[in-house]
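Protein chains in written order, with this note's numbering: chain A, 1 to 386; chain B, 1 to 394; chain C, 1 to 180.
Keep in mind the hints are simulated off the structure, nothing from the lab.
A hint or two may mislead.
Stated by the list, open to error - Cut-off 30 angstroms, straight-line C-alpha distance, at most; resulting in silico cross-link-like pairs (DSBU-like, lysine-lysine):
no. : chain 1 : residue 1 : chain 2 : residue 2
1   : A       : 247       : A       : 100
2   : C       : 31        : C       : 103
3   : C       : 95        : C       : 31
4   : C       : 103       : A       : 313
5   : A       : 43        : B       : 93
6   : A       : 363       : B       : 331
7   : C       : 151       : A       : 307
8   : C       : 31        : C       : 85
9   : A       : 69        : A       : 313
10  : A       : 209       : A       : 65
11  : C       : 151       : C       : 87
12  : C       : 141       : C       : 103
13  : A       : 242       : A       : 100
14  : C       : 95        : C       : 141
15  : C       : 151       : A       : 69
16  : B       : 331       : A       : 209
17  : C       : 103       : A       : 65
18  : A       : 43        : A       : 189
19  : C       : 90        : C       : 31
20  : C       : 103       : C       : 90
21  : A       : 69        : C       : 95
22  : A       : 100       : A       : 313
23  : B       : 19        : B       : 83
24  : A       : 307       : C       : 95
25  : A       : 69        : C       : 31
26  : A       : 363       : B       : 93
27  : A       : 209       : A       : 290
28  : B       : 93        : B       : 83
29  : A       : 69        : A       : 43
30  : C       : 31        : A       : 189
31  : A       : 43        : A       : 65
32  : C       : 148       : C       : 95
33  : C       : 87        : C       : 31
34  : A       : 242       : A       : 307
35  : A       : 363       : A       : 65
36  : C       : 85        : A       : 209
37  : C       : 31        : A       : 290
38  : A       : 43        : B       : 153
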Amino acid sequence: MNADAIDLDVRRETSRGLETEEMTLNMGPQHPSTHGVLRFVVKADGEVMRRAIPDIGYLHRSIEKIAEKVGYHGFMPYTDRVDYVSAMQCNQGWAMACEKLAGIEVPRKGEYCRVIACEFGRLASHLLSVGATGMDIGAVTPFTHAIREREYINDILEELCGARLTFNYMRIGGCAWDLPPGFVGRAVKFLDRFEPLIDEYNELISFNKIYVERLANVAVVSREMAIAWNLVGPNLRGSGVKYDVRKDAPYSVYPEFEFDVPVGTGERGTLGDSYDRYMVRMREMEESCKILRQALAGVPEGPVVAKVARMFKPPAGEVYVRVEASRGDMGWFVVSDGSAFPYRVHIRTGSFAAMAIIEELSKGLMIADLVAVIATLDIVAPEVDR
Amino acid sequence: MQQLADYLLAEGFLSGLPKSVGYVLVVAFFAFVLLNFIMLVAGVTSWLERRVWARIQSRVGPNRVGPQGVIQWLADGIKSVLKEDIVPEAADKPLFKGAPYLAMIGFFGAWACVPFGDGLIVADLNVGVLYITAVTGLVVVGILMAGWSSNNKWALLGGIRSAAQIVSYEIPAAIAINTVILLTGTLSMQGIIKAQGWAPWNWFLFDNPFTFVAFFIFFVALLAEGNRTPFDLPEAESELVAGAFTEYSGLRSLLFFLVEWGNLYIIGALCTTLFLGGWQVPAFTDNAFVQGVLQMITFFLKSYFLVFVAMWIRATLPRVRVDQLMSLCWKYLVPIAFVNLLGAMLWVVAFPHGNIVMRLAMFGFGVVVTIYFFSRVASHLRRARPEMTWNPIS
Amino acid sequence: MGLGAYVTNIRQTIGTIFEGMAITASHFVRKPFTIQYPDRTDIRVQDSLPFRYRGILDVDLEICTGCLACERACPIDCIVIDAVKDKTTKEMILKRFDIDLAKCMYCGLCSEPCPTGSIHHTPEFEGADYSLESLVRRYVKAPVVAYKPPKGAETDPDVAPILARGLRYLDEFASPGDAK
């Protein structure tokens with residue numbers, strides 16, 4: 001860290017001639033709250049923060065460089081680890097990028113399976129996010145309820161692809177496994193069980209006065225600020241910008257489904273505060289349930305994967321593909337030089353931009369609010385550092 | 001207890017000893033008995049808290065050590081004692097080592113005035129309530145010392161938050177106590193209980209609407225004093241690891257946590273004494289011993305129910321932020337408590353001996369609220385029907 | 001803050017806390033979700049996992065053809081196979097088949113290209129051990145001849161069930177020709 005960037009312990013004279021110091025605190029990489037290993041150097045005047053400087057890189061695993069070694073097929077399990085909280089969408093991003101490079105078309109049933117998997121992944125990720133937000137604010141029960149539902153989703157995805165967190169479900173050209181017999185019935189049964197629980201979850205914590213007071217009017221991000229700072233996903237939609245990659249730059253079979261894009265409305269405070277971002281996630285869960293019901297009802301017949309060579313050599317070129325991951329617009333930039341190994345892979349994630357805006361937002365917030373801000377911006381460390 | 005000491009000396013059990021030594025021996029014996037009782041209660045409270053939390057969170061708490069896990073606290077205690085005693089190098093050593101003991105003294109001293117039954121009290125001071133409120137203030141000093149001496153900015157923040165919180169919330173608590181004292185005229189714990197009756201409508205809780213409101217103000221203020229959620233900012237886990245107690249390990253941290261869990265019981269005992277009729281039971285027999293046992297059980301059950309409610313609240317509610325905590329105290333609780341006190345004063349002037357109609361009406365109101373609560377619980381269960389199975393022990 | 005807002009705050013606080021406590025109270029009579037692994041489950045957890053579960057790898061050497069497809073497919077190079085073609089008998093001899101479980105990321109990319117389903121994931125997940133060396137599973141104890149799949153059905157009664165299971169495992173994977 002650049003030591004000049006942090007003036008340690010600025011001394012100030014108060015109006016009565018007493019000396020006061022700013023504290024420099026370290027909210028270190030090991031911490032029970034922050035979502036993964038993130039570090040903040042907080043300069044605080046008592047309880048009120050002056051600046052919170054993020055320090056990233058603790059979870060850097062050189063995933064983008066590894067792609068140059070393992071090749072196109074072998075990189076698929078690594079994409080799970082880019083955002084392990086919602087791994088299906090990362091799989092889809094990589095698969096779409098490779099398919100666009102080589103001009104492969106995915107069969108319709110494969111697209112449907114992808115949508116089902118991604119929407120379940122979105123449900124799981126949002127559940128974790130709202131649960132973790134609740135826990136950071138102090139309510140421990142909603143977290144366990146959210147994790148309980150996430151475990152049910154993990155069970156469903158386990159019978160689909162064999163793993164619970166790092167799915168490696170998709171392949172270039174489609175999906176690796178077809179829907180097992182009885183899957184649709186079990187998935188619909190889960191949705192029937194889950195939708196009333198969203199209402200119960202809302203009544204337990206989302207509408208709780210203490211919770212609302214903690215999140216409303218905290219860290220307001222205006223429309224202009226959200227666009228200028230490159231926020232995406234629920235963070236952007238919480239500030240009132242109705243932008244969703246599934247609607248505005250559609251991919252896969254999303255145009256065939258009817259769903260709404262929830263936007264923050266400033267219902268309990270200002271437009272663009274933390275409560276709006278949180279409620280956008282809750283509402284997105286309901287929309288994902290709608291998409292899932294439509295997808296499960298309309299699964300077509302046919303193969304789920306197209307024929308792709310074992311040694312995958314796309315023609316030279318570059319491609320940029322966007323998917324709507326749980327944390328927003330995830331961009332996959334792949335440069336191919338015609339060989340079996342990509343020349344460069346870059347992944348643009350929503351959490352990285354959200355980390356940047358925290359320093360701006362933290363001016364004047366209290367230390368207790370910093371945790372709330374990190375939680376409602378839904379920052380996961382693997383996405384930030386890759 | 002003084003009567004017991006005098007009785008023993010007179011009967012010659014401790015003859016041959018000067019009076020002061022005899023007193024000291026009796027006091028030491030009772031202190032020893034109480035200390036064991038407190039440790040047991042605090043330990044079992046920690047186990048119960050984990051089980052209650054777990055059921056609320058759809059999981060099973062500790063259930064392996066002993067039948068249903070009841071001696072989990074013993075295992076945790078032994079583990080804590082065997083841990084390495086770490087004192088941070090730059091910490092202020094005398095303060096660091098002394099802080100837990102100061103907190104223990106403050107907490108332990110309050111037990112001298114807790115009435116377990118008629119005549120079953122260590123010292124029936126005629127300023128009992130005031131004494132308890134004053135002595136529990138020593139815990140603040142202990143926490144502040146812990147926060148400061150740890151040489152850790154996060155611990156310091158936690159200690160200062162805690163001091164501000166406890167000192168602020170003493171005021172609504174004291175005003176709520178005054179609301180009850182208006183009805184009894186005495187500060188002595190036994191006197192307050194004797195001014196109530198065994199029937200619910202004879203409790204001060206249902207005496208008039210002002211004491212009803214005072215009960216909730218008092219309960220909330222005591223939760224804040226005991227650093228319990230929604231006011232557990234000093235120990236906010238997600239922010240400060242353990243707040244003022246971050247640097248403590250082993251036996252010292254165990255003492256702090258024992259103080260916290262034992263304090264829960266003091267909260268329950270105070271609320272029971274002031275509002276829920278204390279140990280009052282109807283006179284079943286003439287046998288003083290059986291009556292005494294019944295009274296003890298009643299008191300214990302009532303205060304433990306309030307402990308259970310405190311645990312339940314902790315599992316349900318999120319944390320309140322520091323500035324919101326202060327504004328809650330000074331802008332909401334204190335004015336409401338004052339207005340309440342005025343109302344209670346007017347009521348006592350109008351009805352010096354209480355009004356049975358109002359008591360029954362308040363009791364009816366309480367019953368209606370309870371029934372409404374259970375109907376809400378039932379509606380939630382109906383909505384989430386597929387998973388309902390009654391299984392208290394799992 | 002006007003009187004109206006003040007009273008509304010109090011009313012909302014009491015109301016929402018009441019509702020929240022009713023929900024948590026309803027949880028007291030609900031069944032907990034915990035599976036008390038490992039000793040208080042109805043059936044062994046490993047038996048309750050789906051067939052596709054990607055647990056610890058296992059190799060059925062009886063049906064390994066020595067094609068090295070798994071070694072090439074593994075992105076993390078945790079499979080090491082020594083297979084030489086015997087010049088006189090023209091048979092593949094497997095000298096070494098090591099899987100380093102410490103490196104394996106359970107992605108399933110190795111089991112997909114296997115022609116007979118010899119390398120496959122098992123529902124086993126309890127592989128923790130005290131030494132790192134024990135995590136390298138060596139499947140070849142002595143050099144063996146690799147398997148040569150027959151033209152028709154497999155007739156050897158020892159190998160047939162293993163091959164059937166392997167092919168069933170491979171069947172789970174989707175292929176471009178599926179028209180279901």
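To see whether the hints hold, each was checked on the structure:
{"no.": "1", "hint": "247(A) / 100(A)", "result": "holds, 19 angstroms"}
{"no.": "2", "hint": "31(C) / 103(C)", "result": "violated, 39 angstroms"}
{"no.": "3", "hint": "95(C) / 31(C)", "result": "violated, 54 angstroms"}
{"no.": "4", "hint": "103(C) / 313(A)", "result": "holds, 27 angstroms"}
{"no.": "5", "hint": "43(A) / 93(B)", "result": "holds, 28 angstroms"}
{"no.": "6", "hint": "363(A) / 331(B)", "result": "holds, 26 angstroms"}
{"no.": "7", "hint": "151(C) / 307(A)", "result": "holds, 25 angstroms"}
{"no.": "8", "hint": "31(C) / 85(C)", "result": "violated, 60 angstroms"}
{"no.": "9", "hint": "69(A) / 313(A)", "result": "holds, 14 angstroms"}
{"no.": "10", "hint": "209(A) / 65(A)", "result": "violated, 47 angstroms"}
{"no.": "11", "hint": "151(C) / 87(C)", "result": "holds, 23 angstroms"}
{"no.": "12", "hint": "141(C) / 103(C)", "result": "holds, 21 angstroms"}
{"no.": "13", "hint": "242(A) / 100(A)", "result": "holds, 27 angstroms"}
{"no.": "14", "hint": "95(C) / 141(C)", "result": "holds, 8 angstroms"}
{"no.": "15", "hint": "151(C) / 69(A)", "result": "violated, 38 angstroms"}
{"no.": "16", "hint": "331(B) / 209(A)", "result": "holds, 16 angstroms"}
{"no.": "17", "hint": "103(C) / 65(A)", "result": "holds, 18 angstroms"}
{"no.": "18", "hint": "43(A) / 189(A)", "result": "violated, 50 angstroms"}
{"no.": "19", "hint": "90(C) / 31(C)", "result": "violated, 63 angstroms"}
{"no.": "20", "hint": "103(C) / 90(C)", "result": "violated, 33 angstroms"}
{"no.": "21", "hint": "69(A) / 95(C)", "result": "holds, 27 angstroms"}
{"no.": "22", "hint": "100(A) / 313(A)", "result": "holds, 13 angstroms"}
{"no.": "23", "hint": "19(B) / 83(B)", "result": "violated, 43 angstroms"}
{"no.": "24", "hint": "307(A) / 95(C)", "result": "violated, 34 angstroms"}
{"no.": "25", "hint": "69(A) / 31(C)", "result": "violated, 49 angstroms"}
{"no.": "26", "hint": "363(A) / 93(B)", "result": "violated, 36 angstroms"}
{"no.": "27", "hint": "209(A) / 290(A)", "result": "holds, 29 angstroms"}
{"no.": "28", "hint": "93(B) / 83(B)", "result": "holds, 19 angstroms"}
{"no.": "29", "hint": "69(A) / 43(A)", "result": "violated, 42 angstroms"}
{"no.": "30", "hint": "31(C) / 189(A)", "result": "holds, 18 angstroms"}
{"no.": "31", "hint": "43(A) / 65(A)", "result": "violated, 35 angstroms"}
{"no.": "32", "hint": "148(C) / 95(C)", "result": "holds, 16 angstroms"}
{"no.": "33", "hint": "87(C) / 31(C)", "result": "violated, 66 angstroms"}
{"no.": "34", "hint": "242(A) / 307(A)", "result": "violated, 38 angstroms"}
{"no.": "35", "hint": "363(A) / 65(A)", "result": "violated, 36 angstroms"}
{"no.": "36", "hint": "85(C) / 209(A)", "result": "violated, 74 angstroms"}
{"no.": "37", "hint": "31(C) / 290(A)", "result": "holds, 28 angstroms"}
{"no.": "38", "hint": "43(A) / 153(B)", "result": "holds, 12 angstroms"}
Of the hints listed earlier, those the structure fails to meet are numbers 2, 3, 8, 10, 15, 18, 19, 20, 23, 24, 25, 26, 29, 31, 33, 34, 35 and 36, in rising order.
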